[in-house]
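K.L.:
For the record, the sequence lines run as chains Z and R.
Sequential numbering from 1 applies to the first sequence in our numbering.
Sequential numbering from 1 applies to the second sequence in our numbering.
If you're looking for bench data, these hints aren't it; they were derived computationally from the structure.
Glycine residues also receive a C-beta, built at the ideal position from the N, C-alpha and C atoms.
Treat each hint with caution, since some may be false.
Chain R is faced by these chain Z residues, among others (derived, beta-carbon under 8 Å) [claimed, not checked]:
#  : residue
1  : P24
2  : A33
3  : I35
4  : I139
5  : S147
6  : I151
7  : L153
8  : M161
9  : L163
10 : I227
11 : Y234
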Amino acid sequence: MKKKYKNTLFFFAYAGCNNFALLPMMKKLDINAHIEILSLSKKKGCNIKTVEEMVQYYVSEIVSVNSEQMIFWGHSFGGNIAFEVIKSMDKAYQRKIKSLKCFILTSSYPPNRLHKISHFNSKADEMELIVQLKAMSYIKYGFEMDSIKTIVLDRFRNDLMLLEKYIPKFEKAKEYDFPTHLIYGTEDIGIEVDYVSEWEQFIENLTTSKMKGGHFFINQSENLLNIRNIITKYFS
Amino acid sequence: MEKRIIEEKVKKILNDITDNVFNIQNNTSIIFDLNIDSVRILCLLVNLEREFNLSFGTEDLTMDSFETVESLVLAVDQTLNHNT
Numbered sequence: 001m002k003k004k005y006k007n008t009l010f011f012f013a014y015a016g017c018n019n020f021a022l023l024p025m026m027k028k029l030d031i032n033a034h035i036e037i038l039s040l041s042k043k044k045g046c047n048i049k050t051v052e053e054m055v056q057y058y059v060s061e062i063v064s065v066n067s068e069q070m071i072f073w074g075h076s077f078g079g080n081i082a083f084e085v086i087k088s089m090d091k092a093y094q095r096k097i098k099s100l101k102c103f104i105l106t107s108s109y110p111p112n113r114l115h116k117i118s119h120f121n122s123k124a125d126e127m128e129l130i131v132q133l134k135a136m137s138y139i140k141y142g143f144e145m146d147s148i149k150t151i152v153l154d155r156f157r158n159d160l161m162l163l164e165k166y167i168p169k170f171e172k173a174k175e176y177d178f179p180t181h182l183i184y185g186t187e188d189i190g191i192e193v194d195y196v197s198e199w200e201q202f203i204e205n206l207t208t209s210k211m212k213g214g215h216f217f218i219n220q221s222e223n224l225l226n227i228r229n230i231i232t233k234y235f236s
Numbered sequence: 001m002e003k004r005i006i007e008e009k010v011k012k013i014l015n016d017i018t019d020n021v022f023n024i025q026n027n028t029s030i031i032f033d034l035n036i037d038s039v040r041i042l043c044l045l046v047n048l049e050r051e052f053n054l055s056f057g058t059e060d061l062t063m064d065s066f067e068t069v070e071s072l073v074l075a076v077d078q079t080l081n082h083n084t
């Protein structure tokens, strides 16, 4: 019999994310909920070639978890995938989507702006990718170690390949039953101010806020605490 | 492999990646006491895989595996048994 959870947080991993690298952050989040990390690191996700397949795979993972309440949290590209998952589930799994209490989007470009990250190229050489990832504070050190370089860059290239083939559909804003929190870092070099209003073309009733830090502001303890407060408010 | 040997090897790896700063005990919290961040946890995994000739899948290790040194030793032990 499937284990039943009261609360489940689904974290949609950013491009290049290794599940294990997320463990310290998730431990420090310290919430009273089951946590599922959605990424292609799992063995079953290895053969996925398109974002559409990725969405369907994530939907199948989500519906297989028996939970009374859910929160979706997507970071960067993970936020866009989470948004596609919501649209997909809204059509096919309306009952399940009703248990979604809140949607948290951190450092995510609006769907119409995803081409902006095309300055990343899956075929770029190692050094070029490392320079750009460092500029985004993806990881501040570690690239000097061959093993870390391989782990991170392989995953990142694979996700970039999916992204390069992805053409987001423009759909008008929809008022969902759950609130959406859109959060950006104050020093994120890729985020422009009007991105908030552009997200409003896709989801209505957004609560927007900024937290100190760059694209990966979620790694900072004080920001993690603020996100924790949002999560616990909806899981109470 | 004996659990005692696994424990010694795990502690040595943890000592190496934390520059021998901590007095590592079985109940030491890996994330909180040793202050392991996202890069160091990847180093830890790579070193564990090399030392024990393993390949960890995300299904083999969970957040609970990183609770303490003892739980990590248990996870390595189980993965070794599972692979043999």
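K.L.:
Indicate, hint by hint, whether the structure satisfies it.
P.N.:
Taking the hints in turn, this is what the structure says about them:
For P24 of chain Z, the shortest C-beta to C-beta distance to chain R is roughly 5 Å, which falls under 8 Å, so the interface hint holds. The criterion of a C-beta within 8 Å of any C-beta in chain R is not met by A33 of chain Z, whose closest approach is roughly 12 Å, and the hint is violated. The criterion of a C-beta within 8 Å of any C-beta in chain R is met by I35 of chain Z, whose closest approach is roughly 7 Å, and the hint holds. Look at I139 of chain Z: its Cβ gets to within about 5 Å of chain R, closer than 8 Å, so that hint holds up.
The closest approach between the C-beta of S147 of chain Z and any C-beta of chain R is roughly 4 Å, which is under the 8 Å cut-off, so the hint is satisfied. Taking 8 Å as the C-beta cut-off, the interface hint given for I151 of chain Z holds, the closest approach to chain R being about 6 Å. At a threshold of 8 Å, the smallest CB-CB gap from L153 of chain Z to chain R is about 12 Å, leaving the interface hint violated. Given hint, M161 of chain Z at the interface with chain R, is violated; its Cβ is 20 Å from that chain's nearest Cβ, farther than 8 Å.
A least Cβ separation of about 21 Å between L163 of chain Z and chain R goes past the 8 Å threshold, and the interface hint is therefore violated. For I227 of chain Z, the shortest C-beta to C-beta distance to chain R is roughly 16 Å, which exceeds 8 Å, and the interface hint is violated. The beta carbon of Y234 of chain Z is not positioned within 8 Å of any beta carbon in chain R (closest approach about 21 Å), and the interface hint is therefore violated.
Of the numbered hints given earlier, the model fails hints 2, 7, 8, 9, 10 and 11; all others are met.
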